[in-house]
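Residue numbers (our numbering), protein chains in the order written: chain B, 3 to 288; chain S, 9 to 115.
Hints are not guaranteed to be accurate.
Unchecked claim - List time: in silico PhoX-like cross-link candidates among lysine-lysine, alpha-carbon distance up to 20 angstroms:
| no. | chain 1 | residue 1 | chain 2 | residue 2 |
| --- | --- | --- | --- | --- |
| 1 | B | 207 | S | 109 |
| 2 | S | 27 | B | 69 |
| 3 | S | 107 | B | 33 |
| 4 | S | 107 | B | 20 |
| 5 | S | 21 | B | 69 |
| 6 | B | 33 | B | 20 |
| 7 | S | 27 | B | 207 |
Claimed, not checked - Covered stretches of chain B, going by a simulated chain S footprint (3 or more residues, C-beta under 8 angstroms):
| no. | stretch |
| --- | --- |
| 8 | 45-55 |
| 9 | 59-72 |
| 10 | 76-86 |
| 11 | 176-189 |
| 12 | 200-208 |
| 13 | 226-238 |
Keep in mind the hints are simulated off the structure, nothing from the lab. Just so it is clear, the structure is predicted and the values come from calculations on it, not from any experiment. Here a beta-carbon is modelled for each residue, glycine too, at the ideal position from N, C-alpha and C.
Residues per chain are reported as follows:
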Amino acid sequence: MARQVGVVCTSHVPAIGKAIARGLQQEPYWKPFFDGYHAVRGWLEKVRPDVVVLIYNDHGLNFFLDKLPTFALGAASQYRNADEGWGLPTIAPFPGDPRLSWHLIESLIEQEFDVTTCQEMLVDHAFAVPMQLLWPSGPPWPVRTVPVCINTVQHPLPSAHRCLGLGRALGRAIQAYDEDVNVLVLGTGGLSHQLDGERAGFINKEFDLLCLEKLIGEPEALTRYSNLELVELAGTQGIEILMWIAARATLSSSVAQVYRNYHIPISNTASGVLVMEPRHARSRAA
Amino acid sequence: MGTVVFDGVEAQKGYALNKMCYSFNRAENRARFLADEEAYCAEFGLTPQQREAVRRRDVLALIRAGGNVYYLAKLAGIFGLDVQDIGAQQTGMTLDAFKAKLIQAGG
């Protein structure tokens, strides 16, 4: 049976991809951010995932407003990255895992999460940048991938409560998968930031730190916020905390924090990375 | 609070503008826009308000005309502007002052 080795949540700011392309990891602006990923990679080498279920939001590469699913799941044998229009270099395709994709689709729909299925799906920086951060030597990528896309473009967005539910359903589906594989769930986005309007540049450190605490011990507490409240507290794009909530919820209640880093700013964003694993895995390792 | 929530009303209002910006995922469309901006905007049926906002490269006006920042970023990219440039423009700050404000947010 499949084992979920843990959850990683990370920011996915496009500027990170540009910095990687230019080799700026040791520059003073970037170093405190990139140094935060050494420990994450050390943990990945220990838990050795075979496949990544990657929960992210598309920013107008694969989906447009003509047809905009609330939840979409990739079911392709590979996922291409492509030109997003503003100069981020395109990186090599990511291998898919159609058998796991269809298992997740069947299980989610049985659990009444009626996802849109995509046999062709372009993946944008929100997918590619976190993959580069976790596996900087890729491509070739050492893991297969299943993209799970949540709409954060056009309101109404799914609520934090609904995203928590999606995560729980995904976690149950992963647990029930009959292949002997190690699964990592990766949630991307955030933390607080706002790109648009007179409030552009808004960052809320206090709220980010609260979210990081609650995600570990009490993720349900974050479902008390409406999406409008999340926009006010975290910024219009800080709403991407929804991906972190969904990813965290794939692990049942008790998790241990393996590692976290939080750094302001990367571009217009408060950046973060958080690694969690099931408590039983932690006690076994100890 | 200096924030437009991009909902169904905005998505309808901004559809033509956002659709044009979405087309800028392709390099050949960016080149066509640069070669003949008027014709390219006309092709997508931009409203006069949207057309004027594009002409002025005015991000706040583009948002008022229904633009969503994810799509507008592709238009800004054509002019070599990133999200920090447009952040500075929208807040009426210099780029350096905008960047300094972000660093200060780290406390």
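Tested hints:
no. : hint           : verdict
1   : B:207 to S:109 : 13 angstroms, holds
2   : S:27 to B:69   : 12 angstroms, holds
3   : S:107 to B:33  : 17 angstroms, holds
4   : S:107 to B:20  : 17 angstroms, holds
5   : S:21 to B:69   : 16 angstroms, holds
6   : B:33 to B:20   : 14 angstroms, holds
7   : S:27 to B:207  : 35 angstroms, violated
8   : 45-55          : violated (count 0)
9   : 59-72          : holds (count 6)
10  : 76-86          : holds (count 3)
11  : 176-189        : violated (count 0)
12  : 200-208        : holds (count 6)
13  : 226-238        : holds (count 4)
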